[in-house]
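Here is what each chain is made of, one letter per residue.
Number of protein chains: 2
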Amino acid sequence: MNQTVEIAPIAESIKAFFSTRSYSNAIVIADNNTKKHCYPLIKESLPKHNLVVVKSGEEHKTLISCELIWGEMTKAELDRHAVVINIGGGVIGDMGGFCASVYKRGIDFIQIPTTLLSQVDASVGGKLGIDFQGFKNHLGVFKLPESVLIDPVFLKSLSERELRSGFAEIIKHCLIADGDKWEQLRTIDFERQNWADLIAHSVKIKKWVVDQDPTEKGLRKILNFGHTLGHAVETHFLSKPAGQKLLHGEAIAVGMIMEGYISRSRKMIDNELLDQMEEFIFATYGKVNIKPDDVEAIIQHTRQDKKNKGKEIRFSLLKGAGECAFDVVVTAAEMRKAIAYYMA
Amino acid sequence: MNQTVEIAPIAESIKAFFSTRSYSNAIVIADNNTKKHCYPLIKESLPKHNLVVVKSGEEHKTLISCELIWGEMTKAELDRHAVVINIGGGVIGDMGGFCASVYKRGIDFIQIPTTLLSQVDASVGGKLGIDFQGFKNHLGVFKLPESVLIDPVFLKSLSERELRSGFAEIIKHCLIADGDKWEQLRTIDFERQNWADLIAHSVKIKKWVVDQDPTEKGLRKILNFGHTLGHAVETHFLSKPAGQKLLHGEAIAVGMIMEGYISRSRKMIDNELLDQMEEFIFATYGKVNIKPDDVEAIIQHTRQDKKNKGKEIRFSLLKGAGECAFDVVVTAAEMRKAIAYYMA
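Chains A and B, in that order, give the protein sequences.
Take 1 as the starting number for the first sequence in the UniProt record's numbering and just add one per residue.
Take 1 as the starting number for the second sequence in the UniProt record's numbering and just add one per residue.
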């Protein structure tokens, strides 16, 4: 493990990467959006390649899209010395990386993350995968890309809502690993944050954690703070009408408050930190409308969480600003209280 | 890399394995045949488990079967601390291992190979995968099982034809790595071979090769002797009527003669060895009826071989009895001659 992450103007970092490698062939995977807004920024810098375009959105992070990608890779007669270039957000990076890692038992791939979320989170750490039967990242592998090429220029292609979604993982990184940065972050409005600085900070924290525990046997689980209930909320809202669906970071923002509440109930953090978290997260994200009817379905979804052992639902919980515990067994009753607290 | 392979009475080796491990849950993957003939021999020795049965045969080594398996794993709420137990031939081992390696980004699995072919080949070395769009093992990963438990008792469940198919890989192991064993092997009729001895010998050779080069960057390619044209013949015959389909080893037997011919054409081996190979292989397998119309389709299939680089078709060719070269570029004209030689 020791993943190369470049934060630099994209044309330069692409040229630098390919100047040191010799590939037999290349394929670019994009979605409808990144084909239009991001691919034109890199097209001229890339070696000869084919382009595969999949439909945008988490609902297309499925085996059906993989079959389309594998079919195009086969048609282009990609051999084991070819490279896959993923340009897009977490869906494209996770799915394109998974397709590359499984095609002919694995070929090289590079990530060009274009959303804030994927720049600060998904593109670093080698977690690849797709959803299955509605369960998030239920199928996948751990494998590192040959390189991650990050350029904040792509953020201009994002809506404010998408930018805000990515910001949730930045908040999480500060809360679990850097109390000083959290103190600084929470005093600045979302609109006035310095993205280049925050991306570099988040990548540094994520790499530090992942390098110590690439396959999530222990420490890496702290990156799941906010994600046990957050994922469950996100999965549950997939079945809601279009107008009510949540972006990943929006669900994680909900999850951080719920899991912050459990951390405080267990006296792992004090009232002050939970109050600060609520103030900042509600000011940034508002409040998601969770109805009493949703509660048991959300709890049910936590049973498929990948951190579980047997029937135990295991959480990563805060121990303070900048500190996080993992493998904490939490009961359904505690979850029920945490969801009720959020709703109240 | 350092794969555990046990050749012992199966009930004992199962008990020994599980006495050292603690799993949250278990699932057994079998096919129609092994459910009937092999599963009863191990059922009582296993920890509590669910059983998933898929349809028998290479034509079911597909994403559709994987979706069935992943669905059952999900329904059984298997977590990351569960284990998958594959009982069957190469199809079950390759596909069940692949399903385990991808489920929640990878859970443990063990192989209980029940055919001669899988005992001497597929179960050792961590090559997992499924077919895609008719291409063999087009999707997959490299990952080692926690253990391989081999017991010759399962060979009693095989037809003579299946036993003969597995024997082809034994012949190959001798030809590429042990000239003395080849000399011994070729003087004994198929019906009088000592399977327990040959299984142990093949496993030893395969492990020796794979331990040196787990992901097939170099030396491991020698295991592909007979497989470039052999796979192409096998794939081509998939589209033939049921009565003409070939088992894997039957196609590899064809491939070894064709690739032996190319080895001799290039003066890498002498006439005597090729003559010996032909005599023994034809005596054991007879001759497959390849028609002039089949030739170009077979050559076309070699373009998807995983050892290729760019447009080059790369072979592993004999350098003598017990010695093999790899990454040898062979032209379509040479392949045409080799197929014609086999047909003549």
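The hints are simulated quantities; they were obtained by calculation from the structure and are not laboratory data.
Mixed in with the good hints there might be a few duds.
Identical copies carry no separate label here, and so any pair may be met within one copy or between two of them.
[To be verified] No more than 20 Å apart at the CA atoms, straight line, and that leaves these computed lysine to any residue pairs for SDA-like:
| hint | residue 1 | residue 2 |
| --- | --- | --- |
| 1 | 143 | 108 |
| 2 | 36 | 138 |
| 3 | 207 | 243 |
| 4 | 267 | 25 |
| 5 | 143 | 106 |
| 6 | 143 | 216 |
| 7 | 143 | 214 |
| 8 | 311 | 26 |
| 9 | 156 | 6 |
| 10 | 204 | 215 |
| 11 | 156 | 180 |
| 12 | 143 | 126 |
| 13 | 337 | 57 |
| 14 | 36 | 245 |
| 15 | 143 | 80 |
| 16 | 75 | 308 |
Note that this is a predicted model, so its numbers are computed, not measured.
Structure-based check of each hint:
Taking CA atoms no more than 20 Å apart as the test, residue 143 paired with residue 108 passes in both settings, with 10 Å inside one copy and 17 Å between copies. For the identical chains of this complex, residue 36 and residue 138 are neighbours neither inside a copy (29 Å) nor across copies (31 Å), given an alpha-carbon limit of 20 Å. In this homomeric assembly, residue 207 and residue 243 never come within 20 Å of each other (Cα to Cα): the closest approach is 35 Å inside a single copy and 56 Å across copies. Within a single copy, residue 267 and residue 25 get their C-alpha atoms no closer than 56 Å, and across copies no closer than 33 Å, so neither meets the 20 Å cut-off.
Within a single copy, residue 143 and residue 106 get their C-alpha atoms as close as 9 Å, and across copies as close as 11 Å, so both meet the 20 Å cut-off. Taking the shortest alpha-carbon separations for residue 143 and residue 216, both the intra-copy value of 12 Å and the inter-copy value of 17 Å come in at or below 20 Å. When the C-alpha separation of residue 143 and residue 214 is checked against a cutoff of 20 Å, the pair qualifies both within a copy, at 9 Å, and between copies, at 16 Å. Proximity of residue 311 to residue 26 under the C-alpha cut-off of 20 Å is restricted to the inter-copy arrangement: shortest distance 14 Å between copies versus 44 Å within a copy.
In this homomeric assembly, residue 156 and residue 6 come within 20 Å of each other (Cα to Cα) only inside a single copy, at 19 Å, whereas the closest approach across copies is 58 Å. In the homo-oligomer, the alpha carbons of residue 204 and residue 215 lie at most 20 Å apart inside one protomer (18 Å), although the nearest pairing across protomers, at 30 Å, exceeds that limit. Taking the shortest alpha-carbon separations for residue 156 and residue 180, neither the intra-copy value of 28 Å nor the inter-copy value of 68 Å comes in at or below 20 Å. Within a single copy, residue 143 and residue 126 get their C-alpha atoms as close as 5 Å, and across copies as close as 16 Å, so both meet the 20 Å cut-off.
Taking identical chains as interchangeable, the C-alpha atoms of residue 337 and residue 57 are never at most 20 Å apart, the minima being 32 Å within one chain and 51 Å between chains. Taking identical chains as interchangeable, the C-alpha atoms of residue 36 and residue 245 are never at most 20 Å apart, the minima being 24 Å within one chain and 47 Å between chains. Taking identical chains as interchangeable, the C-alpha atoms of residue 143 and residue 80 lie at most 20 Å apart whether they share a chain (16 Å) or sit on different chains (17 Å). In this homomeric assembly, residue 75 and residue 308 come within 20 Å of each other (Cα to Cα) only across copies, at 15 Å, whereas the closest approach inside a single copy is 40 Å.
Of the numbered hints listed earlier, those contradicted by the structure are 2, 3, 4, 11, 13 and 14.
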